[in-house]
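Engineer: Read off the chains here:
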Amino acid sequence: MKKFSMLLACAAAFALPVVASAQDAAGTTKKESYRFVVVPKVVHPWFDKVNEGAQAAAAAIKAQTGSSVEVVYSAPQSADVVQQNQIIDSALATQPDGLALDLLDPSGNRASLEEAQNQNVPLVIFDSIPPEGMAIPYIGSDFCEQAKIAARRLVEVLGGEGEVAIMQGVPTAPNHSIRAECHRQVFAEHKGIKVVAEGIDNDSIETAQQQAAAIMQANPNLKGWVASDAAGPIGIGQAIVEAGKQGKVTLVGLDNLPEMLDMIRDGVADSSSASQPELQGYWSVMLLWAQATGAKVPGYLDTGNAFLTKENVGG
Amino acid sequence: MQTSPTQTSAVAHLARSPLAGVFIALAVIFTLSALISPYFLTPYNLSVIARGLAFVGLITIAQSMLMVLGELDLSLGVIGGLCGVISGILMVRLGFEPYSAMLLAILLGGCLGLLNGLLVTVLRLHSLVLTIGTAGIFGGANLVLTRGVAITGIPRDVHYLGRGDVLGVPVPFLIMLAALAFATFVMLKTPFGRYMYAIGNNQAGARMLGIKVDKIRLLVFGVAGAIAGLAGVLMVARLGTAQPSIGETWVLAPIAASVIGGVATTGGIGSPIGAIFGAGIIAIIENIIVLFGVSPYWQGIVSGAIVVLAISFDAISRRYLRRDA
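Protein sequences, first through last, are from chains A and B. As numbered in the working numbering, residues -17 to 297 make up the first sequence, in order. As numbered in the working numbering, residues 4 to 328 make up the second sequence, in order.
Chain B on its own, in the form it takes in the complex (with noise of 0.2 Å):
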């Protein structure tokens, strides 16, 4: 069969596209959910996804900048965590307004991020090793401010930021697209973006290169914890309480997501578009393993599988796609 010059050119950029592996495997997995289950098309069924995405979705758009520049915080869950408890103990016991607590906590944030980035750029400690001290640390007083116990009375008012929805959209999905929208421009359309990717690939030839490596470094790191701390704050919105527990099980998956959808955890690969497709698989995956019923003991192997079979329907259909074209 002779393929249309078009055609070709289209099979040709897809293929040049880092994205199209993990864009193609979110696509099957979607589609074949679509088939399968009945439920899965559903208006509400695709909102619950789109919520669940919308907060591990930060976290991964935060981590995977970070990765981009061979970092990794494994404190931005816990962060969040502890800024979604600051902002209920600002609006609750401290009466504040919850538009300014939510903002000083998301402040909070993005101070605890630069405080990583001191650390690191400043004591020269690996990153990897630093957050999961650090991650302690803020986790701790997470539980000495709330000694446990979730904060409830979140105004009302604030709700609509975690539980609201705009034309069927949840409200929290459209903020993780903003932020990746943001993420995105920076780093793939600005000067900084660019120093980004090059501390990443060589942190010592970027020096050479005059790249103000620990400045660009600190502020990547204390703009990964403000997202954090907006991801921590949202959640508070979307739940109607602070619990101490938010954040736990945003530590790994982000990771896993950023790496799935092509972030190089030696840096200077990737990007949070890819990430947040890498996200989508995951979320995807949790939503039909409850749709299908799956025991809660098969579920990991389940889970599991199903990445596997991404990453490598990953590998293979970028290899098949450049030989295409």
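Excised from the complex, chain A in its bound form (with noise of 0.2 Å):
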């Protein structure tokens, strides 16, 4: 009995090692195929530059690992939380090895995200952030922040004087209104700077067009705009154009859409301050890999801000 137990004892003390290993083993678990899924906010062109980073951060984890990764791409087709609700939902009951997601209201998101939770599916919110009191990895950058760049650079153009507006995007879209509100508190620090008119566009040019055309009517003396959804300052820039106002109206625009970029080429915009969707695709995919291998990943992960000119956009 006694040689029993020091036997024993003896097996436990080589085991612990090798448990202790087991434990120190984070991130080592593999598989030969992974199925993520992203979806975002709605079909948009900036939700296309975050699939194109998440395709490409699939790309890389096979040329890395050889598993394949399949990236599902599934946008709703309006902003509308119910809807995305049901397609988050839906996606669950295919078993994915992870969901990335762009809330449209982290609250209204709440239900889903506790059921994909309680089936153990990892989770990564990327461009908005979590509900309150839910531990999920989030990415992002500041939205703030980005406003409060393009704000300070149309303060700076003007020489801190003159008449501006705003373009709001969509009221209840959470970024929105945080860039809107920010732009407001750069201008309010400047004595000089007047905000004399705000529009909503909807995250729709058409809209930020015709709204821009008769804000610039109603305010002859405007000297700069700033926006705060991509959508916006392409159609401020159309309503610049159409009202031959370029070079006496200045435009700092929002995010690196490929019409914001031609503006800033054709000198219609001055500048833009520009969140990094590929960034958030990509690293969104590299998180969620992380997590199915087991691995610990950063709460927050910020993807930061660009500030686009003449100069650094290309040709």
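The hints are simulated quantities; they were obtained by calculation from the structure and are not laboratory data. Each hint should be verified, as a subset may be incorrect.
[Stated by the list, open to error] Covered stretches of chain B (chain A as the covering partner; in silico rule of three or more C-beta atoms under 8 Å from a C-beta of chain A):
id, segment
1, 53 to 63
2, 236 to 242
3, 284 to 295
4, 298 to 311
[What the hints assert, rightly or not] DEER-style ranges, computed between Cβ atoms:
id, chain 1, residue 1, chain 2, residue 2, range
5, B, 147, A, 116, 23 to 33 Å
6, B, 168, A, 117, 22 to 32 Å
7, B, 146, A, 34, 29 to 39 Å
8, A, 34, B, 147, 37 to 47 Å
9, A, 117, B, 301, 28 to 38 Å
10, A, 102, B, 41, 14 to 24 Å
11, A, 166, B, 102, 56 to 66 Å
12, A, 178, B, 307, 43 to 53 Å
13, A, 117, B, 41, 26 to 36 Å
[Unchecked claim] Calculated Cβ distances over 12 Å to all of chain A for the following chain B residues:
id, residue
14, 246
15, 249
16, 269
Note that the structure is a prediction, hence the values are computed from the model and not measured. Heads up, the beta-carbon is just placed ideally off N, CA and C, and yes, glycines get one too.
Reassemble the complex: the two chains are provided individually, in unrelated frames, and hints are given to aid placement.
Structural biologist: This is the structure:
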């Protein structure tokens, strides 16, 4: 009996390092294939760039590990939280290895996120923040800082004086309303700057163009524009060109859609403060993959903002 | 091959039913989806479809009742959204007991429906045109009240109505079934329902027969509004927040579902059951598009094509069944 106990003790002693190394082996779980689902807010060119980044990450993981990685991009046709939840719930039914989501409304998406957690599906949130009290890794850039970069640039170009206007995006979208508020904060710091009008474009280029045209008609002394969504500056730029005010009205845009870059190249827009959707998509997939391998991931990953001017947007 | 008299009678009965075509189309889409996707028939996925169907289904029931009368109410989705927001305000900001708040919001939905009905009947306005206007007013009121920001902090007591299930069947789906049973009973088994079909077929003729046409139209508008309000407050219970965007996508789908389900836009033909079958087809299409990972840019084409196929299949199968009978 004593011998048996000794053997057992020795076995346990030998097993300890093995157990310990197993515990240390976070991130070593490997699968032959992974399938991740990316659900953005809505069908939109900005999210196409997120998808491009996500697909690039899938290709990178495959090249480095040999595992096949499929990224399924499933976008709601309208920016409606009910429709988005329906897509999330249906995607969960396919038992994916991970879900990357841009939440339309964190509190409204909570029930679907809780269901995903109940099913142990790894989650990553990009371009938005998790619902209060839910520990989900999230990726994004500082929306307020992005807006402040644009507003400060406009103040600088105008020499701290003049009438300006702000184009809001979708009033119910938190990132759009944060940007609009941060524009206001910067302008309020400069006595010479007067915000004479605010438009709402509902993330539509056409609406932005109509609103901007009307606002410039009503405010002939308007000197500058900032926007709160990606569609806004493109519509504003069109309105500036149509009104023949290029060079008289300064536009500091937002984000890096191809039309925005063209307007910077053509001199319609001075510059743009851009979040980096490709990076958000890329790192969303990377964090999902890391979670699927059992690795720990950071709670927040900042992909930063880029300031785009004629000098750095390229030909 | 010879068929027995019982088989012949069953086929004849099926052929006579106006629901035969849409039911077969639904069954075919359901079967194909189950055969193609291994995920489709899982209990979780079926509950996802049922839960999604519940909310649009309620609006579809309301819309199909109005369509039988020859009316259309484009503000039903917006009424649902406004009632959801009002229930949230009553519960969270004004401290009302949650179930009382929901009930009041449903009553408000009924009142807004009555308002639509009153304007249609008294001012002799076209319901389609009028409700484009009232949808703007109700939607605007929603934005004024919320300023576009969701009302959070909905008491957890009511979440069960939106998120809970009974033996795996989502509660909102059961509520939708109850509403469907009520609407079907009223429309197919009561004089009131027969009057609705008479009005839809020939409003002037119905008046000559002594049917209180305007009273019935008014009442149906009111009931439709209340059902829309019910959908809105249930969605608040589902989300746990009162979203100003609730109901934005409940405009065209219920009309499409009703038409797919055999409800004539000119009135007098169809039933809520057919409309719900139509809504079921749309709900399954929305689900399988995600299960199959269809590109978002192809979704419109795919879902549109399936709807066209479903309607065609409905028409062809009806013709075939009639000939066989």
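Engineer: Could you run down the list of hints and mark each one as holding or not?
Structural biologist: For each hint, the structure was consulted:
{"no.": "1", "hint": "53 to 63", "verdict": "holds (count 3)"}
{"no.": "2", "hint": "236 to 242", "verdict": "holds (count 3)"}
{"no.": "3", "hint": "284 to 295", "verdict": "holds (count 4)"}
{"no.": "4", "hint": "298 to 311", "verdict": "holds (count 5)"}
{"no.": "5", "hint": "B:147 with A:116: 23 to 33 Å", "verdict": "holds, 31 Å"}
{"no.": "6", "hint": "B:168 with A:117: 22 to 32 Å", "verdict": "holds, 26 Å"}
{"no.": "7", "hint": "B:146 with A:34: 29 to 39 Å", "verdict": "holds, 34 Å"}
{"no.": "8", "hint": "A:34 with B:147: 37 to 47 Å", "verdict": "holds, 40 Å"}
{"no.": "9", "hint": "A:117 with B:301: 28 to 38 Å", "verdict": "holds, 36 Å"}
{"no.": "10", "hint": "A:102 with B:41: 14 to 24 Å", "verdict": "holds, 19 Å"}
{"no.": "11", "hint": "A:166 with B:102: 56 to 66 Å", "verdict": "violated, 41 Å"}
{"no.": "12", "hint": "A:178 with B:307: 43 to 53 Å", "verdict": "holds, 45 Å"}
{"no.": "13", "hint": "A:117 with B:41: 26 to 36 Å", "verdict": "holds, 31 Å"}
{"no.": "14", "hint": "246", "verdict": "violated, 5 Å"}
{"no.": "15", "hint": "249", "verdict": "violated, 7 Å"}
{"no.": "16", "hint": "269", "verdict": "holds, 29 Å"}
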